[in-house]
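Here the protein sequences come in this chain order: R and Z.
According to this note's numbering, numbering within the first sequence proceeds without interruption in unit steps and concludes at 316.
According to this note's numbering, numbering within the second sequence proceeds without interruption in unit steps and concludes at 608.
Think of the hints as simulated: they come from the structure by calculation, not from any bench.
Quick caveat: nothing in here was measured; it's all calculated off a predicted structure.
Idealized CB from N, CA, C, for every residue including glycine.
Each hint should be verified, as a subset may be incorrect.
Cβ pair distances, simulated, as ranges [said to hold, decoys possible]: (1) Z:G384 with R:L94: 46 to 52 Å; (2) Z:G436 with R:R2: 26 to 32 Å; (3) Z:A418 with R:G18: 21 to 27 Å; (4) Z:G384 with R:Q52: 56 to 62 Å; (5) R:R216 with Z:L582: 41 to 47 Å; (6) Z:G384 with R:E208: 34 to 40 Å; (7) Z:W334 with R:D127: 28 to 34 Å; (8) R:Y160 with Z:A348: 26 to 32 Å.
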Amino acid sequence: MRNYILRRLAVMLVSLVGVSIIIFVSIRLVPGDVVSLMMGQQGDMAAGQAEQIRKLFGLDRPMYIQYFDWAGEVLHGDFGVSLRSGRPILPDILLRAPITLELAVLSALIALVFSIPLGVFAAVKRDSLLALLAQVGSLGGLSIPAFWLGTMIILVSSHYLNFYGGGTYISPRADLVGNLRMFALPSLTVGFSLSGALVRYTRSAMLEILGEDYIRTARAKGLWELRVVLRHALPNAMIPIITVLGLQLGFLLGGVVVIESVFALPGMGRLVVDAINQRDYPMVQGVILLLTSLVMMTSLVVDLLYVYVDPRVRYE
Amino acid sequence: MIAEKPLHNNAQPPWQVWRVFRRLLRKPSGVAALALVGVLLAVAIFAPLLAPFDPLELVSNQRLAPPGGVYLLGTDDLGRDLLSRVIFGSRISLKVGLISVAISMLIGGPLGLLAGYVGGWFDEIAMRLMDILYSFPAIILAMLITAMLGPSLTNTMIAIGIVGAPGFSRIIRGPVLSEKEREYIQAARALGASPLYILLGHILPNILAPILVASTISFSLALLSEAALSYLGLGVQPPEPSWGTMLLTGKRFFEVAPWTAIFPGLAIVIAVLGSNLLGDALRDILDPRLKK
């Protein structure tokens, strides 16, 4: 098990180097660097001044030297300085990360709490109305763009229900109720989108398991149906469900990033969209590198979860 | 020598389009899928005939006109007819869907085929590269690529195409791995067929079913990604009537003119729903082992 984790961490490190190179190179290929953007805003800046600024930012050096400098600093926990605000990047990211993480965790919780029972029910009572609704709902989750759903939810809640938690960010430590109220609609939106795949896979995993011989045996023993479903079938269905959950992590974070724009939440998503538009290289690199590492770390945790869910799984 | 039956021996060979079509018509979800996709295709093809107005025509005294009357779905902030824009938007969505999926297939397909067939270090390197691309949250990678290439319709399609490539290479590699060990492939090899001929002539036709199913799913993901990118201002640029760009405008005015946000979104939902339903129905027909 320890060896497996070490090996996975090594592979992750190699992948992260690949990811960092892709991010570093691609953001530098963006037409128009930050200096030319600044020049666009301040028309009187002379060409010589632009060169000076490029030199100051180190943008005049060969790309590979810039990369190694940056990578070395990142390894020391220094993500550099924003080319726009002049402030160090890491504190800015850390200020916004809790918002994105809270939204992601709440959305995942909402998705799990709704989709697993619904998926189980849709498999057990295949022909019921609720099963049909669960199927239609999951197709909706897969087909309705989250950002449009979010917009519609804002429309309905602010116009008709007089409930819209948006606005300035409220920290959970300052006001937990206010914080949850603020996150309620965005996390419902992302949660609904995420549920689309989860309900589907829970249902199909349960259908497959419920057809197994040992389930027939359990029923033949006269076990209570609820016990058959929850104790005998569900734990075995959890493996494909966890796999899907792991595969959805990237989707979840991507969804969160877009939804932040819809609900005007000042999280990492807004940060990265603004940074791309302003060609703030270090900021884009920092945010995307952290988001991607987060996806990788969580998928490792998901893989390790298998061991707890299924005692047959052993990592050598 | 008798060649073993190919992998999907329960499935209709996918090139028998007519038989697949007939089986689709026998399933309620298949009929719904064909109807939705058919509507999308028809609207896109006959857009100039169906649209009551020029989608780019500005009518200054008709800004944000509510639905009804001459403007069936209302107008946007510049007085352009929303119905005409939604109709012409179907062309952009269809184009984005088809071309992005084609790009994903062109990049991911050969890689998956070769990685599965050649194996060894090539497989290892190709799959690790794809893993690296896969570890990015998809929309963020697409954002990065459109930012790099500059926001436009073409670059949006390229970005979505690149993001979708790892998925295709994985979906194709798996069946190739199992297919290449089968007896009919060994027979072809023993008869002296070249690897290229075996790959394209024997293996590819037998793994068309999962490719076709993956394409419909990728198509709907491409539509959603285009809309999301355009919504963030990183995709198709105004005044082109993309549904995502229309939603971006709609977002600014939806408090006073909700129809500007409602109808383009509904169009996306209908198109994506059709494509998802088609993918499900095709999977049930072509690949019964994966039946949900």
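To see whether the hints hold, each was checked on the structure:
1. Z:G384 with R:L94: 46 to 52 Å: holds (51 Å)
2. Z:G436 with R:R2: 26 to 32 Å: holds (29 Å)
3. Z:A418 with R:G18: 21 to 27 Å: Cβ of A418 (chain Z) to Cβ of G18 (chain R): about 26 Å, so the range 21 to 27 Å holds.
4. Z:G384 with R:Q52: 56 to 62 Å: Once the Cβ atoms are compared, 60 Å apart, the range 56 to 62 Å for Q52 (chain R) and G384 (chain Z) holds.
5. R:R216 with Z:L582: 41 to 47 Å: For R216 (chain R) and L582 (chain Z) the Cβ distance comes to about 46 Å; the hint holds.
6. Z:G384 with R:E208: 34 to 40 Å: Distance hint for G384 (chain Z), E208 (chain R) is violated at roughly 51 Å.
7. Z:W334 with R:D127: 28 to 34 Å: holds (33 Å)
8. R:Y160 with Z:A348: 26 to 32 Å: holds (30 Å)
The structure fails to meet hint 6 from the earlier list, while all remaining hints are met.
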